[in-house]
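**Q** Chains A and B, in that order, are what the protein sequence lines are.
According to my numbering, the first sequence is numbered sequentially starting from 5.
According to my numbering, the second sequence is numbered sequentially starting from 3.
Interface residues of chain A toward chain B, partial, derived using beta-carbon atoms under 7 Å:
no., residue
1, I11
2, L14
3, G112
4, V244
Just so you know, the hints here were simulated from the structure itself, not pulled from any lab data.
The C-beta atom is built at its ideal place from N, Cα and C for all residues, glycine as well.
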Amino acid sequence: MQIYLPIAELSVDVFLLLGLGGAIGFLSGLFGVGGGFLMTPILIFIGIPPPVAVGTEANQIVASSVSGVLAHWRRGNVDFKMGGILLLGGLFGSTLGVWLFAILRQLGQIDLVIKLCYVTFLGVIGGLMFVESLRALGRRRRATAARDKMHKHTWIHGLPLKMRFRKSKLYISALLPGGVGVLVGVLSAIMGVGGGFIMVPAMIYLLGMPTAVVVGTSLFQIIFVTANVTFLQAYANQTVDVVLAIILLTGAVIGAQFGARVGAKLRGEQLRILLALMVLVVCGKLLYDLTVTPADLYSIGGGE
Amino acid sequence: MIRVVALLAVLFAAAPLRAAPIVVDLSEHLVAITAGFAGAEVLLFGAVDEPGDVVVIVRGPTRPMIMYRKSRHFGIWVNADHMTFEDVPAYYAIASTRPLEEIAAPTVLARNEMGVENLRLDLPRAKASPNVAQDWREALIRNQQRAGLYPAEVGRVGFLGDRLFRARLALPANVPTGTYEAKVYFLRDGQIVSAQTTPLFVSKVGLEAEIFDFAYDQSALYGIIAILVALMAGWLAHVAFRRA
Chain A
5 MQIYLPIAEL
15 SVDVFLLLGL
25 GGAIGFLSGL
35 FGVGGGFLMT
45 PILIFIGIPP
55 PVAVGTEANQ
65 IVASSVSGVL
75 AHWRRGNVDF
85 KMGGILLLGG
95 LFGSTLGVWL
105 FAILRQLGQI
115 DLVIKLCYVT
125 FLGVIGGLMF
135 VESLRALGRR
145 RRATAARDKM
155 HKHTWIHGLP
165 LKMRFRKSKL
175 YISALLPGGV
185 GVLVGVLSAI
195 MGVGGGFIMV
205 PAMIYLLGMP
215 TAVVVGTSLF
225 QIIFVTANVT
235 FLQAYANQTV
245 DVVLAIILLT
255 GAVIGAQFGA
265 RVGAKLRGEQ
275 LRILLALMVL
285 VVCGKLLYDL
295 TVTPADLYSI
305 GGGE
Chain B
3 MIRVVALLAV
13 LFAAAPLRAA
23 PIVVDLSEHL
33 VAITAGFAGA
43 EVLLFGAVDE
53 PGDVVVIVRG
63 PTRPMIMYRK
73 SRHFGIWVNA
83 DHMTFEDVPA
93 YYAIASTRPL
103 EEIAAPTVLA
113 RNEMGVENLR
123 LDLPRAKASP
133 NVAQDWREAL
143 IRNQQRAGLY
153 PAEVGRVGFL
163 GDRLFRARLA
173 LPANVPTGTY
183 EAKVYFLRDG
193 QIVSAQTTPL
203 FVSKVGLEAE
213 IFDFAYDQSA
223 LYGIIAILVA
233 LMAGWLAHVA
243 FRRA
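Isolated chain A (complex conformation):
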């Protein structure tokens, strides 16, 4: 059954969209990431104009993050103080990002920048995660491996504005989560992602947060940052298609619930290896598309 999307201005099969939403929602529930980093490129592949894919995906992530965060909140897995600092950075970063987005769109380079951002971040994060999880698995097998020192003192701990985060059992500079928030906010606006795939590793490896509170806290931040992106994209660029968002999120929220259940049964390292592999596959595909000689060197940039 075809449905016409009023903002994207094209008609797409409803069941294709529902299926996509469900599949990505399942993965997002499984890994505790928004799934935007998979959904946005796929929406572009099926012909949704990239700006509309990015704006609409932000809107959809609001919904899937809400249903995710509520589940984590009930289990007490959200560090609201940490989330608040991440959020402050995120609001600033996403506002900056939407502004950059509008400029790049005028220059005709937005597609390229979206893809380059994906390749860079997916490549780095996926690679790091993959190597790290393999090591963790190896350590577990050897069983005798020495445990890392609990507290390593580096330049990071010399930063000012130190704050205590009880739930995360951390005493670190607020600049760290704030900075992570800004970066994620910019990427959220330009790439149409929640940024979980960057924030989750950053929280674990950079901030040193306990894994249990990482997912809930990142989802908490993502809700507000993607809400900000949704609002600004709708306001400044008119690129949020609510009809598309509603169809996608219907599939996604249902898929996410099943994903979360399956995820609870798998071990952390296995999950991370799977996520890392998926991130690398998407990265590889995008990189391939950027380097292979295009079928047509010319493309239409839309009527202004």
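With chain A's structure known, arrange chain B on it following the hints.
**A** Then chain B, alone, in the frame of chain A:
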């Protein structure tokens, strides 16, 4: 050439004396884009006074269009050059009773923009040499054809007897909105005897139109509603699955 001029002179002299040699209409003048829109078919029909050929050209609204050309930088393909075409029809389709080249001479076809290759797509002159301009032109047409907006095939105009003709105009699902015109030419012996134009409106109606207008007229409120809808949906899903 002289013959053409002479013929035209005869035609112009004769024109006021004749009854309208061609009448045309569409089965509908409004193509409504609704939620279930998956393309539309409009029937064009008409009658002529005497035997001859009919050519139908459907054009979408014209607009400026930016085109980019990629080139390789550091191993990556980047939009490096761009050109802006001034008046590009958003849609262009042609149908005829016989293959175009049998109906009229190339000069006649070119003058009346019959056939995609005869579309006048002007580039600002200063920017491009003729060869380069031709590359850009062809690229534009190729891109539009790939999008299904400049159908490559010439459609069929069928005659019912000697006088009545009809043609199906198929508009794809991604058809741009705006005011279209269907121009119908009647030709005899390779010359245009008369032409008739009839308008066709492609527009969003109902909920689709309201959402679109709302998104553009009240962007801030639209953004807030989009967020509220998402919050509601997320909460609903949570509640539904907690019970289950």
